[in-house]
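Novice: Okay, here's what each chain looks like letter by letter:
Protein chains: 2
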Amino acid sequence: MSGQEDTESQTADDGTDDGAAEAASQIAELDDAWRRTAAELDNLRKRFSKDVASARRQERASVASRWLPVLDNLERALEHATSHPEQVVDGLRAVHEQALTVLAGLGYPRREDEIGEAFDPARHEAVSTLVDEELAPGTVAHVLRAGYGQDSEILRPASVVVATRSE
Amino acid sequence: MSGQEDTESQTADDGTDDGAAEAASQIAELDDAWRRTAAELDNLRKRFSKDVASARRQERASVASRWLPVLDNLERALEHATSHPEQVVDGLRAVHEQALTVLAGLGYPRREDEIGEAFDPARHEAVSTLVDEELAPGTVAHVLRAGYGQDSEILRPASVVVATRSE
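As they're listed, the protein sequences go chains A and B. Per the UniProt record's numbering, the very first residue in the first sequence carries number 1; after that it's consecutive. Per the UniProt record's numbering, the very first residue in the second sequence carries number 1; after that it's consecutive.
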């Protein structure tokens with residue numbers, strides 16, 4: 001709020017022409033300052049929604065770009081599949097590793113959920129239950145689908161089967 | 001600019017106490033309006049950068065999520081590689097198709113650049129040249145790496161070899 005004066009203490013109580021002129025000029029100044037700030041606010045609001053949309057577009061392009069090398073290697077593995085069938089599994093494994101690296105680089109590493117750990121709804125999604133006398137009830141009996149993300153930001157919880165006791 | 005009055009026409013020229021009091025009240029009102037608008041502007045600026053950051057995070061998570069089924073299928077193909085080696089190439093092909101679908105869904109389809117089309121720096125990246133008497137000089141002789149995106153938004157230009165004539 002630069003250029004602002006303490007206007008409260010300068011009311012035109014003296015009743016002179018000088019005071020009236022001063023008050024009039026102060027009013028004009030304040031009115032101008034207010035109008036300019038209001039216009040700035042209006043512009044910022046308009047720019048705001050444009051900038052958010054543009055930030056989204058940029059982020060989408062940036063994230064999508066990281067997957068292009070994975071696509072390239074999938075294509076390469078397919079091209080070599082006929083001439084070098086014995087290398088297909090190696091190619092597939094390399095692409096999988098690469099895809100995991102891309103996800104981890106985005107902040108979403110593959111989660112290593114283990115059989116026997118306590119079921120935690122924040123990190124696990126229970127798909128079914130399984131009677132298992134070896135495991136403690138309420139622990140993970142099987143991981144059906146890996147989870148991704150960090151504890152602070154789970155992208156997808158792991159799909160698990162939860163151990164129970166027989167009646 | 002609701003609640004704004006035409007202050008220019010109400011200067012305290014009459015020199016009476018009434019006029020002075022009116023001017024003082026007008027100054028106080030304007031000052032208050034200006035301060036509130038300035039505070040609003042300040043808050044909006046702060047919220048603005050937070051919202052842009054949060055829009056980016058959301059977009060990143062949303063785009064990354066779309067790749068998880070591709071990861072799942074890569075894992076499945078690897079798991080079946082030992083027991084069903086004859087299906088590995090089919091699995092690889094399915095994952096490749098799926099990955100192309102994800103990219104197209106994000107607005108970045110695989111570009112079908114053809115041999116013989118005119119080299120266009122907006123869509124092609126020339127990696128090298130090749131003497132070719134069949135093709136018109138300055139046309140695409142070979143596509144080394146596919147491009148992605150639409151004409152309006154090229155995510156990555158295709159890497160191409162450009163045809164030339166021998167001297």
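Possibly wrong hints are sitting among the right ones.
As the list claims (entries may be wrong) - Listed next, with one range per pair, are the computed distances between beta-carbon atoms:
id: 1; chain 1: B; residue 1: 40; chain 2: A; residue 2: 153; range: 27 to 35 Å
id: 2; chain 1: A; residue 1: 84; chain 2: B; residue 2: 109; range: 23 to 31 Å
id: 3; chain 1: A; residue 1: 69; chain 2: B; residue 2: 152; range: 32 to 40 Å
id: 4; chain 1: B; residue 1: 133; chain 2: A; residue 2: 51; range: 47 to 55 Å
id: 5; chain 1: A; residue 1: 114; chain 2: B; residue 2: 97; range: 27 to 35 Å
id: 6; chain 1: B; residue 1: 39; chain 2: A; residue 2: 69; range: 29 to 37 Å
id: 7; chain 1: A; residue 1: 84; chain 2: B; residue 2: 118; range: 50 to 58 Å
id: 8; chain 1: B; residue 1: 78; chain 2: A; residue 2: 51; range: 53 to 61 Å
id: 9; chain 1: B; residue 1: 18; chain 2: A; residue 2: 35; range: 40 to 48 Å
As the list claims (entries may be wrong) - If the Cβ cut is set under 10 Å, some of the chain A residues that face chain B in the computed set are:
id: 10; residue: 23
id: 11; residue: 35
id: 12; residue: 38
id: 13; residue: 57
id: 14; residue: 82
id: 15; residue: 88
id: 16; residue: 112
id: 17; residue: 121
id: 18; residue: 122
id: 19; residue: 123
id: 20; residue: 125
id: 21; residue: 145
id: 22; residue: 151
id: 23; residue: 162
id: 24; residue: 165
Quick caveat, the hints were computed from the structure, so don't treat them as lab data. Cβ atoms here follow ideal geometry from the backbone N, Cα and C, with glycine treated the same way.
Novice: Each hint should be assessed against the structure and marked as holding or not.
Specialist: Outcome of the hint check:
| no. | hint | verdict |
| --- | --- | --- |
| 1 | B/40 / A/153: 27 to 35 Å | holds, 32 Å |
| 2 | A/84 / B/109: 23 to 31 Å | holds, 29 Å |
| 3 | A/69 / B/152: 32 to 40 Å | violated, 24 Å |
| 4 | B/133 / A/51: 47 to 55 Å | holds, 53 Å |
| 5 | A/114 / B/97: 27 to 35 Å | holds, 33 Å |
| 6 | B/39 / A/69: 29 to 37 Å | violated, 49 Å |
| 7 | A/84 / B/118: 50 to 58 Å | violated, 35 Å |
| 8 | B/78 / A/51: 53 to 61 Å | violated, 42 Å |
| 9 | B/18 / A/35: 40 to 48 Å | violated, 27 Å |
| 10 | 23 | holds, 4 Å |
| 11 | 35 | holds, 7 Å |
| 12 | 38 | holds, 5 Å |
| 13 | 57 | holds, 8 Å |
| 14 | 82 | holds, 8 Å |
| 15 | 88 | holds, 5 Å |
| 16 | 112 | violated, 13 Å |
| 17 | 121 | violated, 19 Å |
| 18 | 122 | violated, 16 Å |
| 19 | 123 | violated, 15 Å |
| 20 | 125 | violated, 13 Å |
| 21 | 145 | holds, 6 Å |
| 22 | 151 | violated, 15 Å |
| 23 | 162 | violated, 20 Å |
| 24 | 165 | violated, 30 Å |
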